[in-house]
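These protein sequence lines map, in sequence, to chains A and B.
The end of the first sequence is residue 40 by our numbering, with every number in the run present.
The end of the second sequence is residue 250 by our numbering, with every number in the run present.
Mixed in with the good hints there might be a few duds.
Stated by the list, open to error - The list that follows gives simulated cross-link-like pairs (lysine-lysine, PhoX-like), each with its CA atoms no further than 20 Å apart:
(1) B:Lys212 with B:Lys190
(2) A:Lys39 with B:Lys187
(3) B:Lys142 with B:Lys168
(4) B:Lys184 with B:Lys168
(5) A:Lys39 with B:Lys65
(6) B:Lys148 with B:Lys168
(7) B:Lys168 with B:Lys187
(8) B:Lys148 with B:Lys212
(9) B:Lys142 with B:Lys212
(10) B:Lys148 with A:Lys39
(11) B:Lys142 with A:Lys39
(12) B:Lys184 with A:Lys39
(13) B:Lys182 with A:Lys39
What the hints assert, rightly or not - Simulated restraints, written as ranges between beta carbons of each label pair:
(14) B:Lys65 with A:Phe15: 18 to 24 Å
(15) A:Gly11 with B:Phe90: 27 to 33 Å
(16) B:Pro146 with A:Lys2: 51 to 57 Å
(17) B:Ser194 with A:Phe18: 18 to 24 Å
(18) B:Tyr207 with A:Gln37: 44 to 50 Å
To be verified - Away from chain A, derived, C-beta distances all over 12 Å, residues of chain B:
(19) Leu94
(20) Gly96
(21) Met215
In case anyone wonders, no lab produced these hints; they're calculated from the structure.
Where is the CB? At the ideal position from N, CA and C, for every residue including glycine.
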Amino acid sequence: MKRRILQMIIGVLTFLAFTNAASACWVGTYQPEIPDQLKD
Amino acid sequence: MKKFNVDGVANNLINYFRRNLEIDKDQEAILKYSIHLVISAIFSLGFALFAALLLGIFPNVLIIILTNAILRTFSGGAHSSSMLGCTIYGTVLMNILGIITKYTHPNKGILAIIIFIVFIFSILIINKYAPADTPGKPITTKVKKQKLRKLSFSALFIWFGLCVLWYVGAIKSHMMIYASTLGVLWQCFSLTDWGYALLNRFDKSLHMIK
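The shape of chain A in the complex, shown without the other chains (with noise of 0.2 Å):
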C-alpha cells in the first residue's frame, strides 16, 4: 500500500515537472532552474 502511494506521488510529482517544462513559467515568481532532463 505504501509503495503504490509512494507510485502515485511521484506519477504527480513526474506529471507537474513535464506539464511545467512545457508551458512558458511556473505560476509563481520564482521559476526554479530546469533540469537538462527536461530541457528542449
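Assemble the complex: chain A is given as a structure, and chain B must be docked to it using the hints.
Only chain B this time, still in chain A's reference frame:
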C-alpha cells in the same frame, strides 16, 4: 532556529523515495525540480491567500491569482531570483490589487471601458513580448514560442469572452470580472521591460536587506 532549506527538504524526500522505490538519476533530477515547484507554489500562493484572508479580500485575491497564473503559464514573464523574493513580492502585490478591487467600485460602463483598454493593451504586449522566458527556463525553439504565443492569445480571448458574457448579463459577478481584469493587466505588465526592471529592483533591494 534552523533555517528552512528547500534543497534539504527535496533531498530528504528523494532519499525517502529511493529507500522505498527504485528511481534512477534522471528521475531524481525531475523529482527534485518538481518538489521545488510545489514548495515555491505553497509558499507564494499560501502566503498571498493567507494575507488576503486576514484582510478580508480572499475571493478578490483568489480570482486575481488564478487569472494571473493561467495567463502566466503560457506567456511567461518576470521572475524573482529567490523563493523568498517571490513570496514577498507576490503577497504584497496580489493583496494591493485585491485592496484596489475592494475599495474602488467602477460602474458597469466604466468597467467595460477598462476591460476594453486592458484587452487592447494585452494584445499589443503579448504580440510583442510573449512568451517571455527566464534564465532558469529559457524557451529555445521557435515552434514552442509560437505555440505558447497562440495559447496566450487563446487565454486572453477566453477571458475577454467571459467579460462580454458579463456585459450582456449572463455573468452576474461584477467583482470577479474587475479582479480578473487587474490580474490580466498585471500579468501583461510583467512581460514588459518595465515589469522586469521592477522585479530586478525589488530583488536587489531584498539582497541589500539580507
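Each hint, compared with the structure:
{"no.": "1", "hint": "B:Lys212 with B:Lys190", "result": "violated, 29 Å"}
{"no.": "2", "hint": "A:Lys39 with B:Lys187", "result": "holds, 16 Å"}
{"no.": "3", "hint": "B:Lys142 with B:Lys168", "result": "violated, 32 Å"}
{"no.": "4", "hint": "B:Lys184 with B:Lys168", "result": "holds, 16 Å"}
{"no.": "5", "hint": "A:Lys39 with B:Lys65", "result": "holds, 16 Å"}
{"no.": "6", "hint": "B:Lys148 with B:Lys168", "result": "violated, 30 Å"}
{"no.": "7", "hint": "B:Lys168 with B:Lys187", "result": "holds, 15 Å"}
{"no.": "8", "hint": "B:Lys148 with B:Lys212", "result": "holds, 11 Å"}
{"no.": "9", "hint": "B:Lys142 with B:Lys212", "result": "holds, 17 Å"}
{"no.": "10", "hint": "B:Lys148 with A:Lys39", "result": "violated, 46 Å"}
{"no.": "11", "hint": "B:Lys142 with A:Lys39", "result": "violated, 42 Å"}
{"no.": "12", "hint": "B:Lys184 with A:Lys39", "result": "holds, 12 Å"}
{"no.": "13", "hint": "B:Lys182 with A:Lys39", "result": "holds, 14 Å"}
{"no.": "14", "hint": "B:Lys65 with A:Phe15: 18 to 24 Å", "result": "holds, 19 Å"}
{"no.": "15", "hint": "A:Gly11 with B:Phe90: 27 to 33 Å", "result": "holds, 29 Å"}
{"no.": "16", "hint": "B:Pro146 with A:Lys2: 51 to 57 Å", "result": "holds, 54 Å"}
{"no.": "17", "hint": "B:Ser194 with A:Phe18: 18 to 24 Å", "result": "holds, 21 Å"}
{"no.": "18", "hint": "B:Tyr207 with A:Gln37: 44 to 50 Å", "result": "holds, 47 Å"}
{"no.": "19", "hint": "Leu94", "result": "holds, 20 Å"}
{"no.": "20", "hint": "Gly96", "result": "holds, 23 Å"}
{"no.": "21", "hint": "Met215", "result": "holds, 22 Å"}
Violated hints, in rising order: 1, 3, 6, 10 and 11; the structure is consistent with all others.
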